[in-house]
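Participant: The primary structure of each chain is shown beneath.
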Amino acid sequence: MIRYVLKKFMFMLMSLFFLITATFVLMNAVPGSPLQSEKATSEQIQKNLEAYYGLDKPLIVQYGVYLKNLVQGDLGISMKKKFQAVDKIIGDSFKYSLKLGLVSIVTSVVVGCILGIISAMYHRKFLDNFSMILAVIGLSIPSLVIAPVLQYLLAVKIEAFEVAGLNRPMDYVLPTIALSAASIAFIARLIRSTMIEVLNSDFIKTAKSKGLAGHLIVWRHALRNSMLPVVTFLGFLMANVITGSVVIEKIFAIPGLGKFFVESVSNRDYPLIMGITIFYAVILMISRLLADIAYVLVDPRIRISGGKAGK
Amino acid sequence: MQSESKSGAIRPDMFTPVNRDSKQSEKIERPRLTAWQDIRLRLLSNKLAMTGLWIMVVVVLFAIFAPIFSSYDHFTNDLSNTNQAPSKEHWFGTDDLGRDLFARTWKGAQVSLFVGIVAGLIDLFFGIIYGGIMGYYGGKVDEFMNRFAEILYAIPYLLVVILLLVVMEPSLTTIIVAMSITGWINMAWIVRGQMMQLKNQEYALASKALGAGSMRIIFRHLIPNAMGPILVTLTLTVPSAIFTEAFLSFLGLGVQSPVASWGTMINDGVKSMTIYPWRLLFPAFFLSLTMFAFNVFGDGLRDAFDPKLKT
Numbered sequence: 001m002i003r004y005v006l007k008k009f010m011f012m013l014m015s016l017f018f019l020i021t022a023t024f025v026l027m028n029a030v031p032g033s034p035l036q037s038e039k040a041t042s043e044q045i046q047k048n049l050e051a052y053y054g055l056d057k058p059l060i061v062q063y064g065v066y067l068k069n070l071v072q073g074d075l076g077i078s079m080k081k082k083f084q085a086v087d088k089i090i091g092d093s094f095k096y097s098l099k100l101g102l103v104s105i106v107t108s109v110v111v112g113c114i115l116g117i118i119s120a121m122y123h124r125k126f127l128d129n130f131s132m133i134l135a136v137i138g139l140s141i142p143s144l145v146i147a148p149v150l151q152y153l154l155a156v157k158i159e160a161f162e163v164a165g166l167n168r169p170m171d172y173v174l175p176t177i178a179l180s181a182a183s184i185a186f187i188a189r190l191i192r193s194t195m196i197e198v199l200n201s202d203f204i205k206t207a208k209s210k211g212l213a214g215h216l217i218v219w220r221h222a223l224r225n226s227m228l229p230v231v232t233f234l235g236f237l238m239a240n241v242i243t244g245s246v247v248i249e250k251i252f253a254i255p256g257l258g259k260f261f262v263e264s265v266s267n268r269d270y271p272l273i274m275g276i277t278i279f280y281a282v283i284l285m286i287s288r289l290l291a292d293i294a295y296v297l298v299d300p301r302i303r304i305s306g307g308k309a310g311k
Numbered sequence: 001m002q003s004e005s006k007s008g009a010i011r012p013d014m015f016t017p018v019n020r021d022s023k024q025s026e027k028i029e030r031p032r033l034t035a036w037q038d039i040r041l042r043l044l045s046n047k048l049a050m051t052g053l054w055i056m057v058v059v060v061l062f063a064i065f066a067p068i069f070s071s072y073d074h075f076t077n078d079l080s081n082t083n084q085a086p087s088k089e090h091w092f093g094t095d096d097l098g099r100d101l102f103a104r105t106w107k108g109a110q111v112s113l114f115v116g117i118v119a120g121l122i123d124l125f126f127g128i129i130y131g132g133i134m135g136y137y138g139g140k141v142d143e144f145m146n147r148f149a150e151i152l153y154a155i156p157y158l159l160v161v162i163l164l165l166v167v168m169e170p171s172l173t174t175i176i177v178a179m180s181i182t183g184w185i186n187m188a189w190i191v192r193g194q195m196m197q198l199k200n201q202e203y204a205l206a207s208k209a210l211g212a213g214s215m216r217i218i219f220r221h222l223i224p225n226a227m228g229p230i231l232v233t234l235t236l237t238v239p240s241a242i243f244t245e246a247f248l249s250f251l252g253l254g255v256q257s258p259v260a261s262w263g264t265m266i267n268d269g270v271k272s273m274t275i276y277p278w279r280l281l282f283p284a285f286f287l288s289l290t291m292f293a294f295n296v297f298g299d300g301l302r303d304a305f306d307p308k309l310k311t
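Chains A and B are the protein sequences, given in the same order. Straight run, no breaks: the first sequence in my numbering ends on number 311. Straight run, no breaks: the second sequence in my numbering ends on number 311.
Rather than coming from a laboratory, the hints here were simulated on the basis of the structure. Predicted model only: the values in this text are computed from it and were never measured. Take these hints with a grain of salt, some might be off.
Derived coverage of chain B by chain A (criterion: at least 3 residues anywhere in the stretch with Cβ under 8 Å from a Cβ of chain A; other residues may be distant) [claimed, not checked]: (1) 74 to 84; (2) 162 to 171; (3) 237 to 246; (4) 275 to 285.
Computed spacing ranges between beta-carbons, pair by pair [said to hold, decoys possible]: (5) B:E89 with A:G91: 51 to 57 Å; (6) A:L67 with B:L61: 25 to 31 Å; (7) A:Q72 with B:V60: 51 to 57 Å.
All C-beta atoms in this analysis are idealised placements derived from N, C-alpha and C, irrespective of residue type, glycine included.
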């Protein structure tokens with residue numbers, strides 16, 4: 001087990017190193033200096049600025065400095081946001097994204113499980129077909145469509161919700177729906193298919209034949225065994241929340257990390273782009289690693305030696 | 001039973017001989033179907049999947065012909081007719097520069113479908129070559145190539161795409177290149193899994209015994225037999241590529257005006273949705289419809305290829 005985790009961890013570090021290097025090379029391959037602006041600056045100011053950002057040193061030295069700072073948690077200084085430190089920008093904005101993300105993940109798992117269970121229990125009946133069509137629709141409508149349409153219908157037309165912002169608990173409703181729709185659909189389908197399989201297995205038949213009530217079978221026996229694939233789904237869920245948040249924070253004007261990412265991309269603020277990319281990558285890789293570990297822990301049937309648990 | 005035995009002894013005339021004609025008993029009642037005919041039958045009987053197929057056909061036909069037959073084009077400004085509501089003249093209305101939204105929606109469909117299909121085909125091409133070699137040779141080759149793929153795969157897909165688009169000129173080609181850099185890995189793993197299953201089958205061994213080279217066995221014998229899962233993966237790659245393009249265009253990293261794309265149209269539509277909702281609703285609707293069609297068709301195809309998966 002420890003060897004398995006260590007191996008996964010090593011690969012994670014390699015990927016991360018690969019990404020950091022690639023990002024660094026890409027960001028420095030762009031012609032022109034990001035410090036140049038429309039305003040004419042004197043040569044001395046330009047030089048001072050370059051020295052401030054360390055751009056006057058050779059590239060390989062810059063790379064070394066960046067890596068060294070990175071290990072210490074220092075992601076550099078933003079070039080467009082009045083010399084703010086990148087880690088401070090990330091720290092300040094991430095709390096909004098984190099709150100919204102956690103609400104969304106919990107919603108996805110709970111609603112997805114409920115829909116999936118209903119589908120499995122009423123297999124091939126109306127409720128099953130209905131929720132499965134709902135799931136395909138949820139998977140098909142991208143968040144960048146759901147968010148503005150919800151905003152238009154429920155906030156602009158009916159005025160049931162605030163159009164933007166994230167101040168009161170009610171403000172979470174629309175962004176959460178938009179952010180969770182795809183994950184809910186995915187989890188519902190996953191739970192449904194495993195649950196149907198589990199409901200047909202021998203131990204469920206035993207429970208039935210000893211006279212256990214239907215809902216008790218589902219809660220006590222079937223659900224526990226159907227939850228396994230959801231654990232491996234954590235990686236996908238995180239990725240979905242992060243990509244979704246980029247769009248949704250823009251639409252709902254939430255000052256989260258996603259919004260800053262979009263801004264940094266359109267401003268070509270390279271240190272901020274790099275910082276947020278690496279930050280996102282670390283979160284995603286850690287959640288994938290946790291999913292891998294959890295999968296092995298939850299299901300003792302998985303062979304760890306050499307086996308590839310859930311890619 | 002009891003009453004019968006009482007009524008009399010068992011007499012031979014109570015029995016008639018079973019028809020023991022061996023020719024009859026071996027007769028195949030149902031028409032013979034090849035695997036592909038079977039798949040087609042299953043697919044044709046799946047109503048949801050066929051609906052998806054028809055929607056796909058209609059969207060593709062409109063994307064090809066609507067821009068040709070429309071009396072407007074997607075880039076001509078008409079500043080005396082800006083922000084018109086849908087009417088006989090402009091079926092989907094016009095945008096803030098007076099461009100006809102019907103023409104733009106279908107031009108956007110061309111862009112989205114083009115990106116989706118080309119990205120899917122590139123993934124297919126590299127995935128088959130990489131996965132085929134990985135799966136067929138196994139051992140050290142597999143180990144090495146798999147590690148490389150794993151390291152690349154751990155880097156979040158969308159981050160790579162965004163990074164590349166930040167440093168390269170935004171254009172259709174750039175989007176497709178960026179999407180293809182990590183997009184092929186999933187396909188490669190599917191092919192690899194298939195190869196490992198198929199390479200020890202008798203026909204592959206027979207071909208080897210007859211002196212066929214590895215490449216011939218991989219591409220003439222194994223790949224055609226692995227076509228099912230490959231096709232399914234392809235149909236499910238297309239909607240995700242369409243989504244990614246819309247997402248990037250929404251962030252302003254995709255195709256640039258005056259070329260239309262569903263993503264850019266939605267982005268423009270969001271800004272003015274309180275006053276001119278149709279500018280958001282038409283591209284949003286067709287983007288969702290197309291993704292829905294590809295998703296249900298892909299699901300149907302998967303069920304048709306592997307009925308065991310369908311529960």
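Participant: Hints first: check each against the structure and report whether it holds.
Facilitator: Structure-based check of all given hints:
Residue count for the region 74 to 84 of chain B with a Cβ under 8 Å from a Cβ of chain A: 0. That is fewer than the three needed, and the coverage hint is violated. Interface restraint, the region 162 to 171 of chain B with chain A: holds (5 residues with C-beta to C-beta distance below 8 Å; minimum three). Judged by the Cβ-Cβ criterion of 8 Å, the region 237 to 246 of chain B is covered by chain A as claimed, because 3 of its residues qualify and three suffice. Counting residues of the region 275 to 285 of chain B whose beta-carbon sits less than 8 Å from any beta-carbon of chain A gives 4, enough to reach three: the coverage restraint holds.
In this structure the supplied range 51 to 57 Å holds for E89 (chain B) paired with G91 (chain A), their Cβ-Cβ distance being about 53 Å. Take L67 (chain A) and L61 (chain B): their Cβ atoms lie about 54 Å apart, and the range 25 to 31 Å is violated. Evaluation of the 51 to 57 Å hint for Q72 (chain A) and V60 (chain B) yields a pass: the beta carbon distance comes to about 54 Å.
Hints 1, 6, counting from the list given before, are not met by this structure.
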